[in-house]
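Just need the whole structure built from these sequences, with the hints factored in.
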Amino acid sequence: MPQFRAWFSRLLGLFQKNKRDAEMVEEMQTHLDLLTERHIAAGMLPHEARNAALREFGGVEQIKEVAREQRVWRWADEFVQDIRFGARMLLRTPGFSILAILCLTLGIGTNAAVFSWIEGILIRPYPLVSHQDRMFAFIGTTRGVEGHNGLSYPDFLDFEKNSTLFESFIVDRIMGTSLSVGDRAEWASGGIVSANYFDALGVRPILGRGFRPEEGTGRNAHPVTVISYRTWKDRYKFDPNIIGRTQYLNGVQHTIIGVAPEKFHGTFVGYSFSFWVPTSMQETFDTTGYKLEDRGARWIEGYAFLKPGVTRQQGQAELSAIAKRLENDFPEANRGHEVQLVPLWKTPFNGAGNMSPTLAITMAVVFLVLLIACANVSNLLLARSLLRRHEMTMRLALGAGRRRLIKQLVTEGLLLSIIAAAGGIAVAYWCRNALVLAFPSPAPGIVIDYPGQIDWRVLAVSAGICVLATLIFAVVPAIHASHVDLSGALKSDGGGVVSGSSRSRLRSTLVLVQVSLSFVLLAGTGLLLESLAKIQNANPGFSTDVIGCSTALFSAGYKQDRAKNFYTQLLDRVRALPGVESATLTRVIPFSYNVFSSSAIEVDGYQPPPNEQPTVEYNQVAEDYFATIGIPIVSGREFTRTDDENSPPVAIINETMAAKYWPAKNALGQRVKVKDRWLEIVGIAKNANYRTKLEIPTPFFYVPLRQNWGVQNTLLMRTRETPGAMLNALAREVHALDANLAPGIPYRLQEQVDQMSYSQRLAVTLVAVFGAMALFLAAIGLYAVMSYSVSQTTRELGMRMALGANAADVLRLVVSRGLRLTVAGIAIGAIAALALTRLIGNLLYKVSPRDPIAFGSALIILIAVALVACFLPARRATRIDPVRALRN
Amino acid sequence: MAKEKPDLVYGTLDMLILKALQHDPRHGLAIADRIQQMSKDILHVEQGSLYPALYRLEAQGWIKAEWGLSDNNRKARYYKLTAAGRKQLSAEEEHWLRITKGIDLVLAGG
Chain B
1 MPQFRAWFSR LLGLFQKNKR DAEMVEEMQT HLDLLTERHI AAGMLPHEAR
51 NAALREFGGV EQIKEVAREQ RVWRWADEFV QDIRFGARML LRTPGFSILA
101 ILCLTLGIGT NAAVFSWIEG ILIRPYPLVS HQDRMFAFIG TTRGVEGHNG
151 LSYPDFLDFE KNSTLFESFI VDRIMGTSLS VGDRAEWASG GIVSANYFDA
201 LGVRPILGRG FRPEEGTGRN AHPVTVISYR TWKDRYKFDP NIIGRTQYLN
251 GVQHTIIGVA PEKFHGTFVG YSFSFWVPTS MQETFDTTGY KLEDRGARWI
301 EGYAFLKPGV TRQQGQAELS AIAKRLENDF PEANRGHEVQ LVPLWKTPFN
351 GAGNMSPTLA ITMAVVFLVL LIACANVSNL LLARSLLRRH EMTMRLALGA
401 GRRRLIKQLV TEGLLLSIIA AAGGIAVAYW CRNALVLAFP SPAPGIVIDY
451 PGQIDWRVLA VSAGICVLAT LIFAVVPAIH ASHVDLSGAL KSDGGGVVSG
501 SSRSRLRSTL VLVQVSLSFV LLAGTGLLLE SLAKIQNANP GFSTDVIGCS
551 TALFSAGYKQ DRAKNFYTQL LDRVRALPGV ESATLTRVIP FSYNVFSSSA
601 IEVDGYQPPP NEQPTVEYNQ VAEDYFATIG IPIVSGREFT RTDDENSPPV
651 AIINETMAAK YWPAKNALGQ RVKVKDRWLE IVGIAKNANY RTKLEIPTPF
701 FYVPLRQNWG VQNTLLMRTR ETPGAMLNAL AREVHALDAN LAPGIPYRLQ
751 EQVDQMSYSQ RLAVTLVAVF GAMALFLAAI GLYAVMSYSV SQTTRELGMR
801 MALGANAADV LRLVVSRGLR LTVAGIAIGA IAALALTRLI GNLLYKVSPR
851 DPIAFGSALI ILIAVALVAC FLPARRATRI DPVRALRN
Chain S
1 MAKEKPDLVY GTLDMLILKA LQHDPRHGLA IADRIQQMSK DILHVEQGSL
51 YPALYRLEAQ GWIKAEWGLS DNNRKARYYK LTAAGRKQLS AEEEHWLRIT
101 KGIDLVLAGG
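As they're listed, the protein sequences go chains B and S. Position one of the first sequence corresponds to residue 1 (the working numbering), numbered consecutively onward. Position one of the second sequence corresponds to residue 1 (the working numbering), numbered consecutively onward.
Keep in mind the hints are simulated off the structure, nothing from the lab. Be aware that one or more of the hints could be misleading.
In silico DSSO-like pairs for lysine-lysine, Cα to Cα no more than 27 Å straight-line [said to hold, decoys possible]: (1) B/K64 - S/K75; (2) B/K64 - S/K19; (3) B/K64 - S/K80; (4) S/K64 - B/K64.
The calculated label-pair distances, taken between Cβ atoms and stated as ranges, are [claimed, not checked]: (5) B/Q29 - S/S90: 28 to 38 Å; (6) B/D21 - S/H44: 27 to 37 Å; (7) B/I40 - S/H44: 13 to 23 Å.
All C-beta atoms, glycine included, are put in the ideal place defined by N, C-alpha and C.
Structure below.
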């Protein structure tokens, strides 16, 4: 306790310093007066009495100093002094201060903004959902096969029933319906969700209620729906009596029982849902039939919430054990099937999985920006400490302690960092808002929600890195400065012409470090930018000019035979339209969220490893599909109109499938068994991208639509017309076939690709912005160090000119010196970059870590900046009157 | 830097100040007088060194200072023992007695 009191009293003393000092003086004065009076009373003369009193008392000033020390920590006192002095120094060189603070502010601010943005998307992607730290995607996998499946509903219930480490499981299956708005059909995305969905997520509807447990079961028994806030606003105009009203969804009248809160968009990264229905209504929304009792139908995507304190490994172990039991109990349906708990940011069935590589690149780039900023400030501090050598020497000579000097330099560095960190918060806040402005919704129905606040952890980390870097580099020159041979330094700094060799060595080192560091960073940023551009421009393997259009037959209640009729006639009519070169149908278009069919296959002559069930995805397409969408047939033939119910079943496989199952022989004419039918392979198609540009090539095959009719298909057309121009013609043809139908809005496949790679394009823009910033900072840093270095030799240049050198000679000297340093720095940087860029190898897309373009541009940029940085101060130096240069 | 230079055994000044304040509050000069008087003129406190010690004791919370009037109507800072100071004083007295007894024994044994 006494220790604490003493501490507190001293702390208080720090703030009441002036008052306490005054009291102390007064008290001692009283003492002296009393003593003097006593001596006078004893018969001394007043002045004698005073002197005697002073003698007895001792040295007043020393005693005051000692007494002060008793009250205040000396270092704290000095700290305040240092801060004052530091602030004065920063104000005296505003150029330096502004530059340093600007660099740090940009570095800290952008990092904080991007990190928190990324953190928002990856770690807490769903606004309003509680316990996202314990939330994991729950997916099915097949032994020996890359990628994921869904889960079947019976399996899902068994997992829910038999596990003990989980708080809850939820189903969340994306689907859609067409809502007719006037004479136009509008597509709305919805979710088929388990009845516990809203309760498990901790999301309370703002009107009405969520689903009741009994509403999850019973085939089509509970036509109820919870609508989103946006639907409530746009479609129902904030109708306060919305609860209990009905709405046709896919031809079934649903009762609206609740309205979700404004910020809740569902649990699917990249899509904002308009409504939710319980699992019991699955058949109404799934074009491929009733699945709630089918253990082989793997359609469920969902999430699992671990109980607090349970690790993912423990949860995974329990689920794997249950999966093993299910495999034993239901070998027919479950052989080879496993399950996996996946962190949210790797969720494979929504946008999150696609985004993580690009987000990682963005993160790497902004971190490089921060590194450059730190390097800049450190170099600036170092350079300035050399400028202040004379001051330091003087202070040492006047008796300042070395530790005191170091402390002061560190305080100045700290002051810079703190100001910059405060600025960084402002920049981060502004950046976030700017991000929202710069990137509005990519497509109707998609809302990217940015959590409103800056993540403080991210900010703390960025600021911490900056402060640390500044401190380290503030200490180095400080120590250097404090080890000075006093007499020598005073002499040479005062009047020497050619500076000491150790100083010029340090200066050269500064330039070398800055150049090589900048080179590494620029080359790295260049590589990342290049790979993002490559991703962006990558050919998906099909022609993206093709126009697609779908008509909502399933929603309109069509069954298979009627749909078959409709599509056959529609194809004939569309092919006859002027300007249409070719037209076809496909069940699933590439780069859509609709899933391809997938099936267990058997291959003649291919023996799968035990416990493995080869499963391959496929698509149902009409004749002329490959010609229309522009996927080349490598060998064999395209589907024709006669590949229908009356002819033998056939298939076209992709190159990867051919290589995997028929490695030694030609796959043409071979057979593959799909859903109990043997199909003959009549063609091999070139690989294409099916979902994203980043996917790894997987086996894939096509079957003729005419042998596998479904109700919902998309029309694809190759035409010179624009999608807008096609709308009227299509509407006319569809109307002629069924007066109650309207086609959806036609679009180019490019739009679909863009929508799916929205996050990628966002990242490209961001990386370009931050790359430019990195370049800017590196250029500033190099310029500052270089021009400082040149300006230090002004005296020497003056001397040379006095001895007869002309301006051109001096310029040549300075520039060649600077270039020599730059080239040396680039050489060091290139060696370092060659070693370091391999670290980001897995972030690169079709770009070698030693890509000459990235390295070449870094080289050119740095040389150009170095030239400018040498030339300007050198020219200034040549204009100085030699006499003045010498005298200064 | 000038260090306080006690006329006394090093480290005993604090204890003597506390003792001088045992019964009545006193100002600086009075404390010096009191110590001198109690020691029958054997101990002389160097007046100046009194103040650093007083501030130290105050910071420890053993004494408290208040402005008051001296006998001849002068404004002076009066120091008073706190409860914690009292405890400290008895602890130091006990400690001192033990030490001196030990020293006595050593010297007597010679």
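Here is what the structure says about each hint:
A distance of roughly 20 Å separates the Cα atoms of B/K64 and S/K75; the hinted pair therefore holds under the 27 Å criterion. Between B/K64 and S/K19 the CA atoms are separated by roughly 24 Å; this keeps the pair inside 27 Å, and the hint holds. For the proposed pair B/K64 and S/K80, the alpha carbon gap of about 22 Å is at most 27 Å, so the pair holds. For the suggested pair S/K64 and B/K64, the alpha carbons sit about 19 Å apart, so the restraint of at most 27 Å is met.
Checked against the given bound of 28 to 38 Å, the beta carbons of B/Q29 and S/S90, roughly 34 Å apart, stay inside it. Between B/D21 and S/H44, the C-beta spacing of about 28 Å keeps the proposed range 27 to 37 Å intact. For B/I40 and S/H44, the hinted distance range of 13 to 23 Å is satisfied, since their beta carbons lie about 21 Å from each other.
Violated hints for the displayed structure: none, as all numbered hints are satisfied.
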